[in-house]
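One-letter residues, chain by chain:
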Amino acid sequence: DIQMTQSPSSLSASVGDRVTITCRASQGISNYLAWYQQKPGKVPKLLIYAAFTLQSGVPSRFSGSGSGTDFTLTISSLQPEDVATYFCQTYNSALFTFGPGTKVDIK
Amino acid sequence: QLQLQESGPGLVKPSETLSLTCTVSGGSISSGSYFWGWIRQPPGKGLEWIGNIFYSGSTYYNPSLKSRVTITVDTSKNQFSLKLSAVTAADTAVYYCARPEMVRGIIIKWGQGTLVTVSS
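Listed in order, the protein sequences are those of chains U and S.
Counting from 1, one number per residue, gives the positions in the first sequence under the numbering used here.
Counting from 1, one number per residue, gives the positions in the second sequence under the numbering used here.
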């Protein structure tokens, strides 16, 4: 089974800051890596898939990178509406695995 | 516009079987490009994939839950269902039904989620 880890588990940053979240897979997953944003009480929203492809309608301040086992989600300029928990997710042999999440707050 | 809606009891007793149904509207569950799946989220915690089913009936389960999970599909009703047996308080969660994409391995369409509490 593939295990996913994320770091940090939470962070607090100022509006306008550059924020980076890391996701690591226990084995190589090529570029089968997606990022989701979940605001409190809401359904998860797909931000990025295939490691770096921005989902339609997602602001360009979000970007993804990485391949193999190590991936990052970057918010280039944190906005108040970005307060949420971010999850990575992979797909291998028809099985899905989510990372534990990173909670992002405004300082 | 495709929509998914979960339904089922919000309270289940320990050791019993949790049963939920997802009704798909605005599209056919027999589409060949998608799975139909269940994901859960305990209060204040992360997302856990439970399993997927293809319209033909092929199933794929989270290894950690496989012994207790059954997902079935009813194409005539455009519905799919989840059964989770021998539940404990640890199974208390918001349960989402969703439509994972087979090729890209991503989830764009989700139901709104339903809270199931395990308690006597």
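Hints in this document: simulated from the structure, not taken from any laboratory.
Even glycine gets a Cβ: it sits at the ideal position worked out from N, Cα and C.
Keep in mind that a hint or two might mislead.
[To be verified] Computed footprint of chain U on chain S; a stretch qualifies when at least three of its residues, placed anywhere within it, have a C-beta under 8 Å from a C-beta of chain U:
# : stretch
1 : 53 to 63
2 : 79 to 85
3 : 91 to 97
[Said to hold, decoys possible] In silico DSS-like links for lysine-lysine, alpha-carbon gap of 27 Å or less:
#  : chain 1 : residue 1 : chain 2 : residue 2
4  : S       : K66       : S       : K109
5  : S       : K13       : S       : K45
6  : U       : K42       : U       : K103
7  : S       : K83       : U       : K103
8  : S       : K109      : U       : K45
9  : S       : K77       : S       : K66
10 : S       : K45       : U       : K45
11 : U       : K39       : U       : K107
12 : S       : K45       : S       : K66
13 : S       : K83       : S       : K13
14 : S       : K83       : S       : K109
15 : S       : K45       : S       : K83
16 : U       : K39       : S       : K45
17 : U       : K39       : S       : K109
18 : U       : K42       : U       : K107
19 : S       : K45       : U       : K107
20 : S       : K13       : S       : K109
21 : U       : K45       : U       : K103
22 : S       : K45       : U       : K42
23 : S       : K45       : S       : K77
24 : U       : K107      : S       : K66
25 : U       : K45       : S       : K13
26 : S       : K45       : U       : K103
27 : U       : K39       : U       : K103
28 : U       : K42       : S       : K109
29 : S       : K83       : S       : K66
30 : S       : K66       : S       : K13
31 : U       : K45       : U       : K107
So, going through the hints one by one against the coordinates:
{"no.": "1", "hint": "53 to 63", "in the structure": "holds (count 3)"}
{"no.": "2", "hint": "79 to 85", "in the structure": "violated (count 0)"}
{"no.": "3", "hint": "91 to 97", "in the structure": "violated (count 1)"}
{"no.": "4", "hint": "K66(S) with K109(S)", "in the structure": "24 Å, holds"}
{"no.": "5", "hint": "K13(S) with K45(S)", "in the structure": "22 Å, holds"}
{"no.": "6", "hint": "K42(U) with K103(U)", "in the structure": "14 Å, holds"}
{"no.": "7", "hint": "K83(S) with K103(U)", "in the structure": "31 Å, violated"}
{"no.": "8", "hint": "K109(S) with K45(U)", "in the structure": "9 Å, holds"}
{"no.": "9", "hint": "K77(S) with K66(S)", "in the structure": "25 Å, holds"}
{"no.": "10", "hint": "K45(S) with K45(U)", "in the structure": "16 Å, holds"}
{"no.": "11", "hint": "K39(U) with K107(U)", "in the structure": "17 Å, holds"}
{"no.": "12", "hint": "K45(S) with K66(S)", "in the structure": "21 Å, holds"}
{"no.": "13", "hint": "K83(S) with K13(S)", "in the structure": "14 Å, holds"}
{"no.": "14", "hint": "K83(S) with K109(S)", "in the structure": "21 Å, holds"}
{"no.": "15", "hint": "K45(S) with K83(S)", "in the structure": "22 Å, holds"}
{"no.": "16", "hint": "K39(U) with K45(S)", "in the structure": "13 Å, holds"}
{"no.": "17", "hint": "K39(U) with K109(S)", "in the structure": "16 Å, holds"}
{"no.": "18", "hint": "K42(U) with K107(U)", "in the structure": "22 Å, holds"}
{"no.": "19", "hint": "K45(S) with K107(U)", "in the structure": "22 Å, holds"}
{"no.": "20", "hint": "K13(S) with K109(S)", "in the structure": "30 Å, violated"}
{"no.": "21", "hint": "K45(U) with K103(U)", "in the structure": "15 Å, holds"}
{"no.": "22", "hint": "K45(S) with K42(U)", "in the structure": "13 Å, holds"}
{"no.": "23", "hint": "K45(S) with K77(S)", "in the structure": "33 Å, violated"}
{"no.": "24", "hint": "K107(U) with K66(S)", "in the structure": "42 Å, violated"}
{"no.": "25", "hint": "K45(U) with K13(S)", "in the structure": "32 Å, violated"}
{"no.": "26", "hint": "K45(S) with K103(U)", "in the structure": "11 Å, holds"}
{"no.": "27", "hint": "K39(U) with K103(U)", "in the structure": "10 Å, holds"}
{"no.": "28", "hint": "K42(U) with K109(S)", "in the structure": "13 Å, holds"}
{"no.": "29", "hint": "K83(S) with K66(S)", "in the structure": "11 Å, holds"}
{"no.": "30", "hint": "K66(S) with K13(S)", "in the structure": "20 Å, holds"}
{"no.": "31", "hint": "K45(U) with K107(U)", "in the structure": "23 Å, holds"}
Comparing the model with each numbered hint stated earlier shows that hints 2, 3, 7, 20, 23, 24 and 25 do not hold.
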